[in-house]
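Protein chains in written order, with the working numbering: chain V, 1 to 100; chain U, 101 to 200; chain X, 201 to 300; chain Y, 301 to 612; chain B, 613 to 924; chain D, 925 to 1236.
Simulated from the structure, these hints should not be mistaken for laboratory data. Please read all numbers here as calculations on a predicted model, not as lab measurements. Not one of these hints is a red herring.
Incomplete in silico selection of chain V near chain D, CB under 7 Å:
| no. | residue |
| --- | --- |
| 1 | 16 |
| 2 | 53 |
| 3 | 82 |
Note that CB positions come from ideal geometry on N, CA and C, so glycine has one too.
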Amino acid sequence: MIDRNFKLLTVVTEAALENELTEALDRLGASGYTIVNARGRGSRGVRDAGWSTSSNIRVEVICDALMAEKIADYLQEHYYRDYAMVLFISDVGIMRPEKF
Amino acid sequence: MIDRNFKLLTVVTEAALENELTEALDRLGASGYTIVNARGRGSRGVRDAGWSTSSNIRVEVICDALMAEKIADYLQEHYYRDYAMVLFISDVGIMRPEKF
Amino acid sequence: MIDRNFKLLTVVTEAALENELTEALDRLGASGYTIVNARGRGSRGVRDAGWSTSSNIRVEVICDALMAEKIADYLQEHYYRDYAMVLFISDVGIMRPEKF
Amino acid sequence: MSIDPVILFFLLGLIAGLARSDLRLPPAIYELLSILLLLAIGLKGGMELSQQQMSSVLPQMVAVLAMGFILPLFVYPVLLYIGRLGRPDAASIAGHYGSVSVGTYAVAVAFLASAGIAFEPHLALFLVLLEVPAIVVGILLARGIHSGTRWGKLLHEIFFGKSIVLLVGGLLIGWAIGPEGIKPLEPLFIDSFKGVLALFLLEMGLIAASQAREILQRGIFLVAFGVIAPIPLAICGALLGWSLDLSVGGTALLATLAGSCSYIAAPAAMRIAVPEANPALSLTASLGVTFPFNIFVGIPIYLEIAKRLHGA
Amino acid sequence: MSIDPVILFFLLGLIAGLARSDLRLPPAIYELLSILLLLAIGLKGGMELSQQQMSSVLPQMVAVLAMGFILPLFVYPVLLYIGRLGRPDAASIAGHYGSVSVGTYAVAVAFLASAGIAFEPHLALFLVLLEVPAIVVGILLARGIHSGTRWGKLLHEIFFGKSIVLLVGGLLIGWAIGPEGIKPLEPLFIDSFKGVLALFLLEMGLIAASQAREILQRGIFLVAFGVIAPIPLAICGALLGWSLDLSVGGTALLATLAGSCSYIAAPAAMRIAVPEANPALSLTASLGVTFPFNIFVGIPIYLEIAKRLHGA
Amino acid sequence: MSIDPVILFFLLGLIAGLARSDLRLPPAIYELLSILLLLAIGLKGGMELSQQQMSSVLPQMVAVLAMGFILPLFVYPVLLYIGRLGRPDAASIAGHYGSVSVGTYAVAVAFLASAGIAFEPHLALFLVLLEVPAIVVGILLARGIHSGTRWGKLLHEIFFGKSIVLLVGGLLIGWAIGPEGIKPLEPLFIDSFKGVLALFLLEMGLIAASQAREILQRGIFLVAFGVIAPIPLAICGALLGWSLDLSVGGTALLATLAGSCSYIAAPAAMRIAVPEANPALSLTASLGVTFPFNIFVGIPIYLEIAKRLHGA
Ligand SMILES: Nc1ncnc2c1ncn2[C@@H]1O[C@H](COP(=O)(O)O)[C@@H](O)[C@H]1O
Ligand SMILES: Nc1ncnc2c1ncn2[C@@H]1O[C@H](COP(=O)(O)O)[C@@H](O)[C@H]1O
Ligand SMILES: Nc1ncnc2c1ncn2[C@@H]1O[C@H](COP(=O)(O)O)[C@@H](O)[C@H]1O
Ligand code: NA
Ligand code: NA
Ligand code: NA
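Make the full structure from the sequences, and use the hints.
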């Protein structure tokens, strides 16, 4: 009942990107996404504030391997150079695969 | 020291279900759970509000494969039809396996 | 383009530990971390409050296997006995491996 | 008849929302505002009640309670047969419209205050009484009596839902401490009331705007229902108020309560008790159509009705 | 002796919590309320201090500080030998009870105000002075002097913990700007004080209720301790106040401070410095038992004690 | 010339932050405070505008708007050639400094009020007018006209950003309801203004402190720029105000606006429109250096300049 051929793509990036990012995910054809507010530290220093210009969001997308790559490439191309951003992908099993 | 035979089951669903869900997890015998507030988009549209009726929670349960299946089945049976809900399972390694 | 040899280490623990924990991660040499506020239940009961003394944080670190073990050992040694803490590790693929 | 300032804040929120502004009130602030509103309404009502004889109010309370059980029964068949909605949706929406909206009540109170029209203190009590019955009837309509509904748990959740707890708690505290005791609490709860209401309405406008796409999708029936239904409901309320010998202000407020519909207690209860009902339908009608209709158009009409009934 | 209105809000929170209502104050709001309380207490105290000669206050400050170091030493052996708690738990709880509770102090201030009893402005200063020493002693009791405790880091965290920063900051600002300068700040900080305190106590009631299960599990000793311990501690405070020639109100407040116990600064410090101590024990006693005991029963008793001492 | 009480709260936040206290205002509270400030400024300005003839104000508005487009053009070459910053950074910072800071404006208003100096109500209008143009010019400087910038989307985001929406919304509401209509809103929006501003500045102090490390790293140029740039900018503002026949207070406020720099609207817009610009640079200069400089040193200087210009 559980389909193991899916990917969970997680992006941690600047809160200021939320609108752009969700629009891009829609355009690229992701079936959905989940977002939580986050804080953290990385190569661009500590990002930890009420202050939306220096806080993070953590975005998750469940999708197949193809879509995961497509999204990863898009983000790499458009945001990696100029924005605080980290991206990782893992294997997940899901129910109702027709949904994604 | 790290036991690799465990599962991380993650559920994203309506905030209104929090009480019911945690009671169900207790009943089914999960050793614990972790919850964060979330927002997102899926087949039931955008869920992004202060408003508890249209915001999400993201629930994680660490457990063995059997329990993961049990929980997944229970949620499938009781909530999948009527509620915004997404569920995915991944393999994790844990310390102190006796705890779970 | 995606390097599969990385680990995602996730720790759920008491919010009161945030400062100590991030200092320890810096010292141990982690390249970064991401934190979100969380609540939950475990062997030390329900932790669910405004109240920082009984709420949780969920900390994620992306790193290689060696560092993951180092961090896990450190946490085990220093915090496992006295604090509410759960730790799990999973395999992730990342972009820009030179970053971590 | 000039527009009350607070309503302009609803408009501001609505426009900002429709224009896709990034203006947003944090959830925690929305919570704070509704807590302040509920406590303020309770405290004020309770404090004034403490100077009244309760014996005369009791029969009125029974009548109002009865109305709470009956109103959803008027609404249900309309939705089922004219709206051609499924049973769960019709029942859920009936429950919403039979119940009441605290925000609408607060705007009506502000409206009466601006117009210098007095009303009986126990209207706050009626607000509490009307919140629950319609929800219960809505659930019954959806599930029948012999269903597997866990009524104990459900009723507990409705009765100890935060809006009831704060309203009743405020009423009791206000009643216990009276006009003297309430003085030191006034700066936060009473004097700031309109400012708090203004911010609350700003957020309501933003939320209503977020329903816009749903409204377009749901088609004409839901909009028509959201605009038309409040009127006959409010007339029921006005007639009851008039026959209970309420003042013009009291009658207008009871009409407003009857014509308003729940968007806090009812959605939460229905989501758990009638999961098959689509929450987007009821919320869109309630928040997206009826709430704005009531605060802009409805309340002045209900006051007019109350005046006519009293031959004023 | 009538109950202060604000206490009814604690009751409301307690009942709502015990009845498992979904009423909850968002963490951010709880933070806001405590920031407002701490700043208000500081500002008011500082403003009044600015009109006093400090030279007379200095010896009193030393005496109060000394009391802060001594009180936990009374508590510790009781917990260790009668309560049969382990050394870390006994030490941690001793630290909690030697330190003070801002919420309890605020309720006592409101109580005195209702009763029309004046008190010295430097009581707010004593509040600050009493917060830290007992925590340090508690840590010493648990770890000894020669332990690996990183004192520098720890003391820094205690002294620059938010409650100390806001209290001291408020005191200094109030003292710098005086009665004239504070006027424009009064609507938010002073006039709203009781309303803010009411909401704060509502949340405290909810939190206390969440301790209920713990209380039942922890057994009779913890409850007995939480109810009995404040009395002798408060008597120490009252005696000191009386011997320092404080007024009746000042004596009652110093007694309240001595009888109150910390639930913000101490738990945070102990969790880091004495991790072996079970935080549920100290929090349950402090928040679940002693805090409600003090605001309902303790404060009137302490005032009575102060009156007797002054032969009034 | 005594320091305004609210500034002491900035100092408190700054010290607490530098001392690495755990004091923090939750994000939701920061949002609430800025919403209250923006609405209060808008409401007050609009209400006073409603009693003025607008015809005389229109030419002034055009002149102020023009200044908004010109100011960043003065700043840009300095950053590019003297500061040797890259084009994106120079352009972004120019946009920040050409735009305005609501917090600085609020402190200046409080400062004038304490000094008993009146000013024209339409200064609130100028605040709105000055917010956007410099941001647009900054983006143009960075990207050129023919770039791929999606101007439609960008302008939408700037114009419907929350600070513009709340300021303009407040202005319109205040203007519509006038002095009578605003009365019931005063306890929350007007009377609490200084208290809200105090808390806001507390948080600004904490944020400024968090920039400390950046400031040290960025070296002397950024600090020098942050301290020196406001003066000539403010002089431009003062000259314009004087030539527009504004009062002393109005001239001082326009000078303050010109000398202040944005830390809400500009950073958000620049982050999206000029992603190559390093946000740490502009935020450090704006929040870490210029904001404190202005509230402590700048504002009194600008008032002095205004007085001299008016020969007072
Ligand atoms: N090694 C890491 N593990 C987990 N999260 C990270 C890591 N590095 C960076 N992050 C997160 O990603 C954000 C942006 O990273 P960066 O672009 O490196 O500044 C940081 O603020 C962190 O929240
Ligand atoms: N493909 C997806 N990836 C990540 N999260 C999702 C996805 N689809 C849905 N979700 C989350 O699950 C919630 C419920 O989904 P749904 O039942 O499809 O409306 C959404 O509000 C999202 O937060
Ligand atoms: N089985 C579990 N699955 C997910 N999260 C857990 C689990 N057990 C514990 N946790 C989380 O870890 C925290 C500390 O756990 P504990 O030390 O067992 O009290 C809890 O408050 C939960 O948030
Ligand atoms: Na109704
Ligand atoms: Na004490
Ligand atoms: Na400027």
